[in-house]
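Asker: In order, the protein sequences belong to chains U and W.
Heads up, the first sequence is in the working numbering, so the first residue is 1 and it goes up one at a time.
Heads up, the second sequence is in the working numbering, so the first residue is 10001 and it goes up one at a time.
One or more hints might be untrue.
Claimed, not checked - In silico BS3-like links for lysine-lysine, alpha-carbon gap of 30 Å or less:
hint, chain 1, residue 1, chain 2, residue 2
1, W, 10074, U, 774
2, U, 322, U, 962
3, U, 74, W, 10059
4, U, 862, U, 798
5, U, 74, W, 10079
6, U, 917, W, 10059
7, W, 10064, U, 192
8, U, 1013, W, 10074
9, U, 542, W, 10059
10, U, 917, W, 10079
11, U, 798, U, 322
12, U, 153, U, 714
13, U, 512, W, 10074
14, U, 185, U, 637
15, U, 322, W, 10074
As the list claims (entries may be wrong) - These stretches of chain W come out as covered by chain U in the derived footprint (C-beta under 8 Å, 3 or more residues):
hint, stretch
16, 10064–10076
17, 10145–10156
Don't read these hints as lab results, they were simulated from the structure.
Glycine included, C-beta positions come from ideal geometry on N, C-alpha and C.
The chain contents come next:
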Amino acid sequence: MSFRYQGKVPIPPPNAERYTTVCQFCNTACGYDVYVWPADEEGGLQPGEHGIVYNLKDQVYNRVLTPQTTDFTKLGPLTAYQGIPWISEAMVVRTVRRGWSRGRGTGEWREVYVAQIPSPECPINMGNHSIRGGTNGERNWSPWTVAGARRLKRPMVRFGGRLEPVSWDYAIDLVARVVKGVIDKWGVDNPKWGKEGHAVFASRMDHGGGGGGGMIENTAAGLFFFYGVRTAFARIHNRPFFGPEGPAIVDAGPGAMNNSLLDLRLADVIIYWGANPYTTGTVMFTQHALDNLRGRTADEKKNWFAGEPVVDTYMIIVDPRKTETVQVAETVAPDRVLHLAPEPGTDIVLANAIARVIYERYKDTVDKILAVYRQAAQSGFKWDENAWQLYLEEALEINTKTLDQYLAEAESITGVPRSDIEKAAEIIGAPKQGGAPKRVWLMYEKGVIWNQNYRSIYAVVDLCIMAGAVRGIPGTGCQRQGGHQEGYAGPAPPPPPWTTERHHVSPWNFAKEKGIQLNTYDDYKNLMESWYNEVYTEGYYKTRWPIGDRYMPTIDFRLEDGEGKVLWVHDMDTYKLGPAAQRLKAAVSDRSWRVTRYVFAEAFAAIGGKDSEPQYDVNVTEIPVITGPSSEEYAAKVLEALEKTGGIFVVVQDIYPTFMMEDAHVVFPAAFNNGEVPDVRMSVHERRFRIADAWLDPPGEAKPDWWIYATVAKRIVELYEAEGRGNDPVAQRFRAAFQPIWDAMDKNANDPSVEVENEIFKTYIANADETYAKLGVDWEVQFWTPAFKNLDLNILRKFRTVGVILPLTEVNVNPDGTVEARGVVNVMEPALNPQYREEVVVVRPDGTIERSIEMAPSEKAKSVAASTLRAWPALWLGYPPYVEDVRGRYKYWVINGRYNEIWQSGYADPNSEVVIKRWPYAFVQINPADAQAEGLENGDIVVVYNDNGSVPAVVWISDAVKQGHIFLIMAHPYAVAANAVTTPSVEPVAQSPDYKLTKADLLKVGTLPSEVKALLTFKDINI
Amino acid sequence: MDTSRRAVIAAIGGLAVGGVLGYLLAPRGPVQVQTVTQTVPVTTTATQTVTAAPPAPAKYPRVKIANVSELQPKQPVIKQYAGVNVWLIKLGEPAVGGVGPDGDIVAFTTLCTHMGGPLIYNSQNNCAVCQIHYTQFDLTRGGMVVTGHATEFLPQVILEFDENTGDIYAVGINQLVYGKLSNL
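The following block holds chain U by itself, in its conformation from the complex (with noise of 0.2 Å):
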């Protein structure tokens, strides 16, 4: 609502405009039903007399909803799941909208309500949802909520010492004058290309969902860095370089996103590594996860077994804290979970160690597994019978520690207690009545992809390999939970100057271009050597400069070393998310400053100089006016700034401010595309696909990300005309890459009703294939197949919240206007069977939506499943440098992560009361017995800190975590929190930060007034 606390919500009448969405948050991706109608006009209760329709036929999960069972007469606990949602004051909210009867953006301003209401219909979350995914609603701006009040709604400059107001027309011609003459003088040739823009640094997001992202952004930012600037030096929000978040396990084979909810809620063991998704992933452990957990899905399991024992199922948690996650777990089954609680770092060692026991233990298990990629193997499937071998030797060690040794060693490193190591072991291996072995199912998430990621992820991956969990199988699974949803799309980013490809250097990548032939087992052994040897021991332990630098360059420490010319952060906040945050502010912020100095050194100069004499002249009557300078004069100063101060000029486009806003020479204002924006993306748990549409005008002057990067472009190029070089190479990529977008602009200023995003979406996603084979690059589309020629906007509009599962296998659209769409279920399974699941959904003429899952032949998703499954030995070889730096020196371990309510940066907390209430600031959580002897309480301020920086938090004393470490917030609306301590340290292959491996102190500092600790709630959680 626009003032909550009204204790009444107006429902949608029949004639509410309707549409549907992703949640803007988590990587679940619940799916939310969007209505918005005259703030004057109201529906009634009954069915008919309001405008919440739906229409399913879930076969897969046996829901039926009509038009008709939606009856409001009868909302009560838990009806949501029955068609009928309860609407709370955080689902609706009061703002402004042009009629839109042209198309969008037309028409008069008037009063509307929306409404986000989690949808019935999505399979994901049948009309459940988190905190986060709950309010979306009142996150959406209007002119009279915090939400609109924050949102940045004018271009700004930078004049002086402050940011002002300008036009759009200024502020692109600034920063187009800018770009194009730091290409034009420190571009570096390429002989095919023209001249590359490498001083031109871009951290721009990769993702879908999470306030920034989906294909059809993504496609827009990339194809102005990398194919109109082409450089190479980009950064995405959570790692420093541009490049895969986690190699390892699509090195491995199957890939970082393969299975899908159903396999969770089939699985006779889930196990969950690293995540928390109780807070991160909410709806995916609360709903589907809990349910198998109760016990709820053993007639699907039935249904799927095909005989085979339905059985208890078991979960393992692996987590240093005892999270939400455990609590809930071992509340609802208390016999049946498995807390692993290892010091930070030690997974490696850990997931090897499981397996060693399972490998020595259940030997009749492990080998019907073996025998199920062996035999695979015999049909083409790329079983890597060497690789495995290598791992039992060399991570498990077989042959050269006995189990009592190892599980010794273990023990000591990780502080997991033998005896829980080898009841996980017993929890994984120990076949089923019958002999069949059990159905594992696993996720990781960023507790091992941000902690030595590479190696990490595959002693999990290992350990899924022995566990059967990549089996394809229904109920087996092995993934990462993933942060946000998905979307990449877009050209490929080019190479750094100095080289021809860019890749992380995982072992193969290595031998390829050492030119290591693998045939024998001894040929793997050598590779394994050499590799670990240069990557690791003589290289990042020793010199601490990863490898993978050399082809994904990292741009922080270059940033931190004066190197770039123009720093265009999109849609992120660095000073919050990047590592040791505090030490890229100081320096990206001195260099930001040299330029502001040097074009304004008149202006400065003035100040405390002849113009600041008393002056009273009496004859005096006109106003002065003062001028700023143009935005082509602005420019040249800037690139004469650049040229002699080692300065960065900085642009921020974003929708709220950020802390990088503070040294911003140009702010673009971004539609948000959460509502205001459509674009497409994916769930991570399921790569369920579906439009997120646009439903509001942005405020202000706001435009969509795709426009300004059109914008600018175009701007260029008309620069490069002035100077009667329209066809230098560098005007011919941005005319090339931006053509169709701007072609679809002048077909949408005649004609409203012509959608520029659904222009986009055909003409770089849909047709990727032949648009980028023109444009003469490499390409990523996710899960892009041909089948994808046949979509576009509308047509995924109709599947509403269903979505389409990727890889889609088929797209069908009929003359009656039936659509029928088919997908891959779980990607291992058409590799290591004969049969797998494919999604059918079809979306009937009256809008009915059917989705059931069809067994198909193997051979048909041949070109979309895993092709290859390949182990490799993860060796733990003691923290890297820049953690042991802090280790000896610091007291805590700083466990980071999210706090269930704050999301991400923090970027949309502030806009619902329940989370910014709950979290007015950034809060640690410490151990009581730390807490007595540091002689602190509930409510206290400390400030946290070592050699990276300092940040203050306030005090919640809690047993979740051990003694010896503390838990702070990752980043907070108002702080920076943790990445204040974090360390540069990365992992040298594909240089993920390790963002959960550093310590620090406390020192306490003060604390809160009674009157504000009477407001907060220092509870322990306690289900």
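Following the hints, position chain W against chain U.
Answerer: Below, chain W alone, put in the same frame as chain U:
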């Protein structure tokens, strides 16, 4: 603004004036609109105040729900107010919205504001926890969500305490209650 009347200004020539003014400021619910046409033969302006009669906005009743003597510390009692079940609890520690001599008597609705699941009161920490998805509400802090997935704090009954008699009155509920689209 006194919404029980409408001030209507009439001028020469019989100007019809409708009641669109101020619908933003009006109470929720249907607004009575009166169109008054008046033709005045003389060239003067007359202001006529017409007392309209819009329906009285629904108000929370003031109901005595208990006397303080009934309450034992940390022993919730179920009462009915405004058509819903509420817990009345003497928490034993001062609370946001607490009344009574110790400022610790509170009342809350009993259905979780996530999806309507049943809550269980934990006397050890004065919290209520839902048994379906485990949202935990701190009853000493206005039903604040300690962790969990409710999008509203647990709706709290606004109480008044009569010091002389020890009677506890319920006079309102501060948010929309689960299962309702309008509390009244």
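Asker: Look at each hint and say if it fits the structure.
Answerer: Hints, verified against the model:
no.	hint	result
1	W:10074 x U:774	73 Å, violated
2	U:322 x U:962	8 Å, holds
3	U:74 x W:10059	24 Å, holds
4	U:862 x U:798	28 Å, holds
5	U:74 x W:10079	23 Å, holds
6	U:917 x W:10059	28 Å, holds
7	W:10064 x U:192	85 Å, violated
8	U:1013 x W:10074	22 Å, holds
9	U:542 x W:10059	74 Å, violated
10	U:917 x W:10079	29 Å, holds
11	U:798 x U:322	43 Å, violated
12	U:153 x U:714	22 Å, holds
13	U:512 x W:10074	70 Å, violated
14	U:185 x U:637	14 Å, holds
15	U:322 x W:10074	28 Å, holds
16	10064–10076	violated (count 0)
17	10145–10156	holds (count 9)
Consistency with the previously given hints fails for numbers 1, 7, 9, 11, 13 and 16, ordered from lowest to highest.
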